[in-house]
Every structure is written in structure tokens, then in C-alpha cells.
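For reference, the chains in residue letters:
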Amino acid sequence: MHTGIHTGTHTGTHAAEPRRRRRSGGSPGFEEGLRGGPQRESAPPTHLRLSRSRRRPAGGGEASRDLEAQLGRAESGLSFLSGLTGVRIADYSMARAELPGSSESAGESGLRVLRKGRLAGECHSVPFQLEFQLLETQSEENSSATITDLSIIVEPTEHSELSRFVARTEEKRDLFLFFRSLHFFLEWCEYRQRTFQYFKEKHPAMVQLPGGPAADSMGLQSPCVPGFELVVVWTVHIDEGGKVVPELDLLTKIPEQALTLDQREVVARAPHCFRTLLLLLGIEAAIDSLIQLLRTEE
Amino acid sequence: MASSQKHGVLYQLERLEARDQRSAKPQDEHQGLQDSETDLEAKIRKLRKLRDELRTKVKLHEASARIPITNLEPYEPLKNSEENLEMKLEKAKAFFQAFHLTGLSGKLTTKGVCICFSTAFEGNILDSYYVDLIIKKPLTIHRHSVPVFIPLEQIAAKYLETNFQHFVYSLSEHLNAYSGRKYQADQLQCGFSAFLARPLQRNSLCTLLSFTYTTDPSGKSFPFCARLVYQDLTTTLPTNVTITYQGTGATPASWEDQRAAHEPLFYKNALYKVFESFLRVREN
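As given, the protein sequences belong to chains A and B, one line each in that order.
Okay, so the first sequence: first residue is 1 according to the working numbering, each after it adds one.
Okay, so the second sequence: first residue is 1 according to the working numbering, each after it adds one.
Quick caveat, the hints were computed from the structure, so don't treat them as lab data.
Backbone N, C-alpha and C define an ideal beta-carbon position, used for all residues, glycine too.
Errors might be hidden in some of the hints.
As the list claims (entries may be wrong) - Here are the simulated lysine-lysine pairs, DSSO-like style, with alpha carbons at most 30 Å apart:
no., chain 1, residue 1, chain 2, residue 2
1, A, K116, B, K107
2, B, K91, B, K111
3, B, K88, B, K111
4, B, K268, A, K172
5, B, K107, B, K136
6, B, K93, B, K79
7, B, K25, B, K49
8, A, K116, B, K273
9, B, K93, B, K136
10, B, K111, B, K93
11, B, K111, B, K137
12, A, K172, B, K273
13, B, K107, B, K79
14, A, K116, B, K182
15, B, K91, A, K116
16, B, K182, A, K172
17, B, K107, B, K182
18, B, K107, B, K137
19, B, K111, B, K158
20, B, K182, B, K158
21, A, K116, B, K79
22, A, K253, A, K202
23, B, K273, B, K182
24, A, K253, A, K200
25, B, K88, A, K116
26, B, K182, B, K268
27, B, K111, B, K136
28, B, K93, A, K116
29, B, K93, B, K107
30, B, K137, B, K158
What the hints assert, rightly or not - Pair ranges (Cβ atoms, derived):
no., chain 1, residue 1, chain 2, residue 2, range
31, A, R65, B, K111, 39 to 45 Å
32, B, T109, A, T148, 30 to 36 Å
33, B, F222, A, S217, 47 to 53 Å
34, B, A194, A, Y198, 55 to 61 Å
Working from the sequences, and respecting the hints, build out all of it.
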């Protein structure tokens, strides 16, 4: 009975967009990164100042202050990029590799260079490690670069969807798509978790989270009429093209006796009506209206 | 020149010597001129060669500058427990460069920030674009290299003020999708022109492709007239595929069967993959 729907793209309807309750505008890393720059240059940390005076001669003071300023700028640039992309780099290396067969001298097709690299870090707190090979071909008219090999390891999480996506991305060797889709996927999962937790806190008696807040289903029970349960199933799906699509559906658990009384086939039409509700109100308001529905029996 | 009062042999000899010296000078000069000419010619040739080398270098550099991922310098982290200032700086610079591998990179400028979007399609690294922003209320786009048919203003109006990260990722989606569609169309045009009965027609955003193809380049089979529409600007696969027959007369049943088999292929695979499969079928 599980028929998924697409609530459109990840942008969806207004209420369906991932919201950040803390931030007023931009992401904190972005603003921090900007503020970090000038502050660093004007006040170098004290322990560095002391060691400088002890270890280096007077003439070296200028050079190391300059280095510190450069380091400060580089690190603030890094923290800006981390805030912007949600990716934090923990380890990186890149080396030229021998091209199998020929030497690297210019042949008929131009210059060919093979590079091997490793990148490790976290994307929204999900650790990843990847190794890749990058082949560059340069000729006078154009230059092209291709990723000829890609191997990605993502820490196993409760999101089984991710391992299938990672396998597909490795096959297609689409490195940028990996980061883009991972970002959108994790954003949607975070939003889902926040939403489920919000409703759980607001109506602790009515809301059940059988798999925990990070799972993909939330049960709603009426406090006074036992046996009735509405289950909202919210899966975050990554399609063939790497597009992240949330799918919401409603399952109903109704006792047999109630079903016989259901003349107007409310239960059978419930999933369809829920889909309409989602389109009209957005995710949060639709779930809220379901809860209100169950509460009115009081 | 020994002065000789006698108009005798010595004097004659002196005069002959003098004359000889006089006539030798222009020859030397002539020779010298010739020498300097050849020197200059050699110099010109050397300079021309240098100019050609530099021109090639500039062209290569220009071509590679469009793809920042190719400018990544080699870097190996040193496994020292103590990192001095220089090593820390090298590491920070290398990590900064490494961000190009995520597809999103950028740097802080004097007035704001410049973001670099790298695009790729199935492992092929394609063009990069940049957006230069000025930090002030409200956040404004100072300069950019985004093509005019990408809805940058709409995306900025929607997200720039409220959710900067989303703005960046949404724009990255659009640019990557456009690059991917353009790459597919270019590959079809250049790589499989034998299959195309008429040249490929496309709009600038590459969301509408129209072409006539045959599965048999020798022209014996009926042509298929395909029209691909990409309604979602963030995808590289078409949302709408129609294959028709433009011509007179009825189409044979085999054409209909082939058409029914081709349509789902275009929905699920990149353009050049579909034509590669035609090629494989023909070779079998």
C-alpha cells in the first residue's frame, strides 16, 4: 500500500524548505570566516609571540609575523569555505603518477598528465574518504580533464539509501555530484529529524518514533481512541541522476470494526488526501493538521 | 709604415701594401656585415621560436585556467608531530586548493567573496563559472560569468538573503545540469554525426533538442525524428521524449518496434550512451 509521492524538487513548497531556526541570514561559517580574517591579523596569539622572541633573532620577527598573517588569512578562507559547503577537509594529498605505457612527454595528442589524489573529511558530520585519478590532456586548441577512477568510502550510517547512491556515483565517476547530492540528502535528513523531534516534543503522548528520530517513519495515535494509528512515512530518495527527492506517504492502521463502519471510504482515500494536503500546506502544516484531526476527539 | 724616401722597390712595396690594406678593409667590413647579418638572422629565428613557445604556453594556460581542478599542485602532507609555521601554511594553502574537488570553491576578496563553481558530467570536467559578491546589506552580485539564460536573478532573489548555502548549491545544480546537457549535445554533434541525417538543433540552455537520426548511417533505414525536452533545469535527462516520422507514406512495423525500443533509452541514458548502443548493435 506504500505508494510514494514526490513533493516536487527539494525546494518544494514554501513550508517544505529546510529551515534554519538559528540563523538570520547566511550561514554562520560564512560570517565567521569574514570576521576571522582581520581579527587574526591584528592580534596574534600570545604563545606565538613569546616563542618568537625567545627563539628567533630580532630580524626574523617581521618574517614570522608575515607568515602568521598569511596563515591567518588562509585559515579564515578555509573556515569560510567549510561553512559555505558544509565540507570540512581533514586530509588531502595529490601526486603525479606515471602514465601506463608512454612517458609524459608531449605526444601527438598533446601533453598528458595523470594525477592521483586522496581526500578525506566530513560532509555535515558524515565522514568520507575518497581516492581518485585525474587525467589531463592538453593540446593547443583545448585542454580536457577526466576523472578516470573514483573510489569513495562513506562511514556507514543508518541511511541505507546512501550506499546505493555512493556505488552509482563511483561508477559514473562524478565527483562533484557526490558532494552536491550528499549535501542535499543530509540536509533533508536533518530537516526530517528536526521535524519529527519537534512534533514529538509538542505531543509526546500522541507521537511515536519507532525507529528513533532519525528513522523514516512517525506514528500518530489518538490519545482517547485506541487502535487507530496514522503512520507518516517520509523517505529521502536519491534518483538515478543524483537528484534528492523527499517522498511522503500516509499509512493507516484501523481496527476491523471501524472499517466496516467506513461508508464513505475515508480510510481508502486517506493517502490520496494526505498528498493533496502536502501540496497545499507543506510538510509541517500537513502533519500538524493530522495531529489536530486526532485530537479533536477530546 | 716605414717612410722611404727612395722611390724604389721598398716604396713600391709599401704602396702595394697600403693599397692592399685599403682594399682589404671593405672586404672585412663586408665580411663583418655578413657575419652580423647571419648573427641577426639566427637571433631572429631564436626569438621567433621563443615567441611561438610562449604563445603555446599562454594558450595552454588560458585553456587550463578555465578548469581550476587542473591547477592543483602536488602536495604530500608531512607526518611530523610538530608542524612549524611554514608547514601549517603550506597545508592550509593545499587544503584551500583541494576545495576545488568538491565543485565549490572560492576566496575572500577585498570587498566580499568570489565563489567558483566547477562543473562536470560523468567524470568529464567541464567549464567553471564564478560569482563575485560584495558583502553589504543587501548582499549583491558584483560580477559573474554565469550565462545569461541561467535564472541567476530568480535563484538569488529566492535564496541569497535567506539561505546563502542553499543559493550556492542551487546555482551549482543549475550550472552542472546545463554543462551536462551541453556536453551531451556537443558529443552527439561531433562524435556521432554519421548517425544524424540533419544537424542537431538546440536552444542556448540546451533544454530543447531536435534531431533526425538513423540507426544505419548508410541511409538504408527510415529516419527517426526525435525531440527531447528537459523541463527540469536541474537535470541532465529529458522529461519528455517524442520520436516521430516526418515524411510521406506509412511506416513499416519494424520502425514502430524500433521507436518503442528507443524511447525509453533516451529517458534513462545520456545521449551519447544511447548512440554508443546503436553503434554496438550495428557492429554485431
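Hint check:
1. A:K116 - B:K107: Between A:K116 and B:K107 the Cα gap is close to 25 Å, so the pair holds against 30 Å.
2. B:K91 - B:K111: Given that 30 Å is the threshold and the Cα spacing comes to 26 Å, the pair holds.
3. B:K88 - B:K111: holds (26 Å)
4. B:K268 - A:K172: holds (14 Å)
5. B:K107 - B:K136: holds (17 Å)
6. B:K93 - B:K79: With Cα atoms ~17 Å apart, B:K93 and B:K79 stay inside 30 Å; holds.
7. B:K25 - B:K49: violated (35 Å)
8. A:K116 - B:K273: holds (27 Å)
9. B:K93 - B:K136: Since the Cα atoms of B:K93 and B:K136 sit roughly 27 Å apart, the hinted pair holds (cutoff 30 Å).
10. B:K111 - B:K93: Given pair B:K111, B:K93 holds - Cα atoms ~21 Å apart, limit 30 Å.
11. B:K111 - B:K137: holds (12 Å)
12. A:K172 - B:K273: It holds: about 12 Å lies between the C-alpha atoms, which stays within 30 Å.
13. B:K107 - B:K79: holds (28 Å)
14. A:K116 - B:K182: holds (28 Å)
15. B:K91 - A:K116: Within the cut-off at roughly 18 Å; holds.
16. B:K182 - A:K172: holds (18 Å)
17. B:K107 - B:K182: Given that 30 Å is the threshold and the Cα spacing comes to 28 Å, the pair holds.
18. B:K107 - B:K137: holds (20 Å)
19. B:K111 - B:K158: holds (23 Å)
20. B:K182 - B:K158: holds (26 Å)
21. A:K116 - B:K79: holds (19 Å)
22. A:K253 - A:K202: holds (22 Å)
23. B:K273 - B:K182: Roughly 15 Å separates the two Cα atoms, so the pair holds.
24. A:K253 - A:K200: Distance of about 19 Å is within 30 Å: holds.
25. B:K88 - A:K116: The hint holds at about 22 Å.
26. B:K182 - B:K268: holds (17 Å)
27. B:K111 - B:K136: Measuring from Cα to Cα gives roughly 9 Å; hence the hint holds.
28. B:K93 - A:K116: With a Cα-Cα distance of about 18 Å, the restraint between B:K93 and A:K116 holds, given a limit of 30 Å.
29. B:K93 - B:K107: holds (11 Å)
30. B:K137 - B:K158: At roughly 16 Å apart (the allowed maximum being 30 Å), B:K158 and B:K137 satisfy the hint.
31. A:R65 - B:K111: 39 to 45 Å: Violated: the Cβ-Cβ distance is about 25 Å, outside 39 to 45 Å.
32. B:T109 - A:T148: 30 to 36 Å: holds (34 Å)
33. B:F222 - A:S217: 47 to 53 Å: Given range 47 to 53 Å: holds, Cβ gap about 52 Å.
34. B:A194 - A:Y198: 55 to 61 Å: Holds, at about 59 Å.
Hints 7, 31, counting from the list given before, are not met by this structure.
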